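Input sequences plus hints: build the corresponding full structure.
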Amino acid sequence: MRHSASFLPSRKTRIIIGTLVGLFFAIPFVATTEYTFRDVDGHSTIHWANVFDPAKQAAYRPIWTGLGNSLLLMVVTVAIVLFVLAPTMILVNLRFSKLRRIFEFFALLPISIPAVVLVVGLAPIYLVVGRSMGTGAWTLAFAYGILVMPYAFRPIQAAIDSINMSTLSEAARSLGASWPKTVLRVLAPNLRQGLLYASLISVAVVLGEFTIASLLNRQNLQTALLVVSRQDPYVSVIFSLLALLLCFLLLVVIGRAGNVGSHKKGRRK
Amino acid sequence: MSTTSAPPAAEGSARAVRRLRPKNLSGLGLAPFGIYVFLFLALPTILAVTTGFFDKSGNFTLSNVSALADPVVLHTFWNSIWLSALTAAVGSLVGVAICYALLGIPANSPVRTFIDAVAGVLAQFGGVMLAFLFIATIGRSSFIVTALRDAGIDIYASGMWLYDMPGIALVYIFFQIPLMVITFSPALQGLKPQWAEANLTLGGTRRTFWTKIGIPVLAPSFAASYLLLFANSFSAYATAAALASQGSQIIPLQIRAALTSETVLGRENLAGALAMGMIVVMALVMSGYSAIQRRADRWHL
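In order, the protein sequences belong to chains A and B.
If you're matching positions, the first sequence starts at 3 in my numbering and goes up one per residue.
If you're matching positions, the second sequence starts at 499 in my numbering and goes up one per residue.
Hints were generated in silico from the structure; no laboratory data involved.
Any given hint could turn out to be false.
Below, computed lysine-lysine pairings styled on DSSO-like, alpha-carbon distance capped at 30 Å [claimed, not checked]: (1) K710(B) x K14(A); (2) K690(B) x K710(B); (3) K183(A) x K100(A); (4) K690(B) x K14(A).
This one's a predicted model, so the numbers in the text were calculated from it and none came from an experiment.
Next comes the structure, spelled out in structure tokens:
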């Protein structure tokens, strides 16, 4: 067994690469954490305490507004993924298998179109959206639904591929279930893992989105961080660290759950 | 697909049921998604690419597109291209080293979960926040810079480069390396132990394994990943926008300038022309990517 795996790195190589790369990626996080504990002379928790200091809230209002908008956008974007993208994928896989390739092409297309290019074409469209639906923060979710599509597509498609949808739906239909009932009560529960990852990754994308919000003059968490950083860089840095941590935790959840899933699949084989 | 090719007997009754439902009725189910994708993906892309050909009053003009030949625009495109080429090169090489160091660590180990999650955050969701991270780390008042200054080293002796191209390149590398780890890792994990055995049986060494088998097999995946990193850097906006709040060093920042001010370089719809230029570059890079990726996939059946 040992010689068969002779292309594996030696322990020494692993340690050297791990240390060098680990340092390069750890230093900014350590230095940034140190930065948030700065005080006039020395260190204190003053900047962290400021985040919740009522006297400072006027200056930080953009961040709370932005965070509120981002949370709202997450909800609407996840709704688009669950109620527009996912049902369409079910329909395409069940009834229009000839369309699968073209559907995949469109679902992955947003990777190839830079957000900054998309925004040039979205600007006139949002003029119309603003006139017909108002300029509420939530309308930005239409653009975000497109941005998250490539990320949400893969986990949902993987879930669809891992179950036998036509058997399930035909069984449900022959027992008298209507189509909406079949999708909601039979198919969706079987796809729940894929739908969950798609939702979590969509939350992470929306949490970090800046380009479209900024260039359409909308306020979300990221644009607020940039605005507030001009008066109080410390609080922007604190919120950035927290947001990165939250994204990290979301991905850990996806990663751990994904492993559990792959175990199960392995056992079934 | 096993899901669609059920035995004919079972299929027969299902087909009879389906025949009662006209297919166009279930076709209606595709409409919401179709309309949505048309309005917010297809139409914006078409608008972005074509507005460059029209002036403010809607008349056809080539004046904006001719701006792509303007020396200032050409220089900015050149900046974008070398920034992408450089950060993709550094990112892909360091990324390969990390992927190699991770070889043999089981996919479900906590180490892998940790590294995959960190890589995912940095590669895909960092944006503005990564810029803040570096401003706090090597900004003028950071402890690293002050400590170095006390030691007699001034990293900003030749000017404040953090908010200019060198700084942008440094932070881009910080998200390019993790993207390489994400995209190249599956290819490296696909190296089969049997190939190493075959190499040994035929009298090969560790060195010949890499020169005759490993590198040739992985080369297409590496090239494809490099192109993906190039595209990623070429289309990135947030990090650069947060670092360089004023200038227009790269094309995405020049689009910002064109969108936020009425006229740039004396032209009205410059953003459209620049967007078209970006799409052309992206289309070339991404079609190269998918062509090479198809070749790379031969080894990962």
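Okay, the hints, checked on the actual structure:
1. K710(B) x K14(A): Within the cut-off at roughly 24 Å; holds.
2. K690(B) x K710(B): 14 Å, holds
3. K183(A) x K100(A): Within the cut-off at roughly 25 Å; holds.
4. K690(B) x K14(A): 22 Å, holds
Checked against the numbered hints above, the structure violates none of them.
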